[in-house]
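Undergrad: Here is what each chain is made of, one letter per residue.
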Amino acid sequence: MSVFAGFDVGSLVTKCVILNNGNILSSSIVDSRSDPEKAAEKALEIGLSKAHLTKEDIAYTVATGYGRIALPAVDKTVTELTCHGRGAHHLCPEARTVIDIGGQDSKILRLDEQGNMIEFAMNDKCAAGTGRFLEVMAHALEIELDELGEFSLQSNNPVSLSNTCAVFAETEIISLLASKRPKEDIAAGIHTSIAGRVGNMARSFGVHSDLMMVGGVAKNVGVKKALEDFLQVKFALVDTDPQITGALGAALLARNSFEGRSQP
Amino acid sequence: MKIKALEKIDQLVEDRKEEIKKARKEGTKVVGYLCCRVPVELIYAHGMIPIRVGNAAPTHMASGKEFIHQFTCPYIKSVVGEFLDETSFYHENIDIITGSVICLTVSRALEVLKAYTGKPMFPIHLPQLPPGNEETEYFTREVKWFSQELEKQTGKKLDEGKLFESVELSNNIKEDLTKLYETQSKEGSPLTWPQLFRLIHAGFLLDPQHYQTLLREVIEEIDTLGIQEPTDNRARLMLSGSPVLPMDNLLIDTIEGAGGRIVTDTLCTGIRTFDGLSIEEPTIEGIASTYLHSCPCSSAQDPDLEKDRRLDHMLKLIKENQVDGVVYYCLRFCDPFAFKDDETKAVLAKKTGTPLLPIHWEYGDSYGSLWTRVEGFMEAMETKKR
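Protein chains in written order, with my numbering: chain B, 62 to 325; chain Y, 10 to 395.
Think of the hints as simulated: they come from the structure by calculation, not from any bench.
Only a predicted model underlies this, so the values are computations on that prediction, with no experimental measurement involved.
Yeah, the Cβ is synthetic: ideal placement off N, Cα and C, and Gly gets one too.
Mixed in with the good hints there might be a few duds.
Here chain Y is said to cover these stretches of chain B; the calculated rule only asks that three of the stretch's residues, wherever they fall, bring their Cβ under 8 Å from a Cβ of chain Y [said to hold, decoys possible]:
#1 129-143
#2 282-291
Some chain B residues well away from chain Y (every beta-carbon gap over 12 Å; in silico) [claimed, not checked]:
#3 L86
#4 K99
#5 A112
#6 H113
#7 T125
#8 D166
#9 H200
#10 A201
#11 P219
#12 L222
#13 A227
#14 E231
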């Protein structure tokens, strides 16, 4: 049995997927902020241990994400644009438009029938509309990041945030808290703000049906719902953790490369 | 490939700086100019030395913010910063400032340079609309006025014979650059686009006679080397958009490092310094008409998209150079190019099916994000090719 590893070394966390013939054997997510190389090693260690394998079992590795070039021991590097596309296609072969919101940026991808990424749009350099924005806002609200989504669904009256800049929006939130606006309304307002930012980018790019959302922020039900409301489209439902989609795509490309198939 | 003649550039540029200092001591005036639509032939004909200002982008951007509003494009911030740096070659050696004004930022930069240096400044206003009779009359008046101002500076009338010689030499240089440009685009060419780009910038400072000798040496050496067996299958790319300053290699290195090959451009620091600028009639009218009718930058307006000169020029170069994809570079606050990225993308998609990658960028931005965009663009093109 040939086994493949895919790494997605993101700005905030590193993801690893261990794969054999199209089945995810294991996955892992570790913090990668300070040292991407160590994060990848640790993610691999956890992934291998979960799958009861050793490093020697890995036939081919592909790395993606911002830290991909920091990994000396991988066989190949591919951009997260292509990898998210491949991963998304594997999980939902009908998906043609993919929204990926990660820690540092947001992207819209267009896929062909084989899951190849044929076009993309990416946000500008600032943190607006990214996981990092949510992290700052959750901190300001004193709510755990992974609870922010559910919490915001309690709101019937989301606030309107005028700032998309993470620094200014944080100040705005502190003012809203001081004026006793309910936290759930502020949380919902934060999600609406992200949805507007990313949704507009998706609209100008052209949203095709069979829409899928991947990346760490896809775990936030509040952002997901706000984006669905904004775009008037439902996202495809998948069981797999959306945060590992890029690493899954990398592992799938590792398998393709190993088997000598056409590759990007 | 190593081209010996190109290795002389740095030394020639340094020598030229000394030559200019010496010429100034002997009374020759130096004209520093912004924008590629300044008729340098006219400046030479007046016995002056033109120098295109702007070098090594990121270095002077921070100091530029001291003098010009921070929401100005980084290109202009760095030009202003360099010019006003008292230790810079420009600050010390430029007597007269000029620029072709079509974008507001260049206009403001000229005002700021004048205010802080107190040096004579002559803006040449270029019409924004496509050239008709009125635009031609207007621009001819501008060039004539500029020439008269230079006459006042030298105290001498413009000599027709010198104008003829200056235009002839300039035309020969443009012809040589065109030949080199065609060569670098060929598969297996010993000359690359980044090498030629550097060679073009040397011309912003070198004496035109010496520059032509250098160009001839490069042509001769390339002819001897001949076209090689193509060794790669890289995507053929056009670099379009905002000015890419001399020495600003990050984007170029990223494109080439990510597996692309630049074969053409539409840059005001590249092909547009000579393409379409061969002057048939060596008079003020002839010069004005040539500059006016050459391809403008994105600051020019064209109410009819079907006749847009900038887009037509892009489409022509895409066809001539078998371009696979366009990297469209928008410097932050370079609004004329940023405004038109979607429009340009749509027109190319419709007319030639060429994909376009918009890069919105400021000096000092994250390199990782730039690399991902460019590499992702290559991956998408590769998919389409298969």
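Undergrad: Look at each hint and say if it fits the structure.
TA: Right, here's what the structure says about each hint:
{"no.": "1", "hint": "129-143", "verdict": "holds (count 6)"}
{"no.": "2", "hint": "282-291", "verdict": "violated (count 0)"}
{"no.": "3", "hint": "L86", "verdict": "holds (26 Å)"}
{"no.": "4", "hint": "K99", "verdict": "holds (18 Å)"}
{"no.": "5", "hint": "A112", "verdict": "holds (29 Å)"}
{"no.": "6", "hint": "H113", "verdict": "holds (34 Å)"}
{"no.": "7", "hint": "T125", "verdict": "violated (9 Å)"}
{"no.": "8", "hint": "D166", "verdict": "violated (7 Å)"}
{"no.": "9", "hint": "H200", "verdict": "holds (23 Å)"}
{"no.": "10", "hint": "A201", "verdict": "holds (24 Å)"}
{"no.": "11", "hint": "P219", "verdict": "holds (29 Å)"}
{"no.": "12", "hint": "L222", "verdict": "holds (23 Å)"}
{"no.": "13", "hint": "A227", "verdict": "holds (15 Å)"}
{"no.": "14", "hint": "E231", "verdict": "holds (21 Å)"}
When held up to the earlier numbered hints, the structure conflicts with 2, 7, 8 and fits the remainder.
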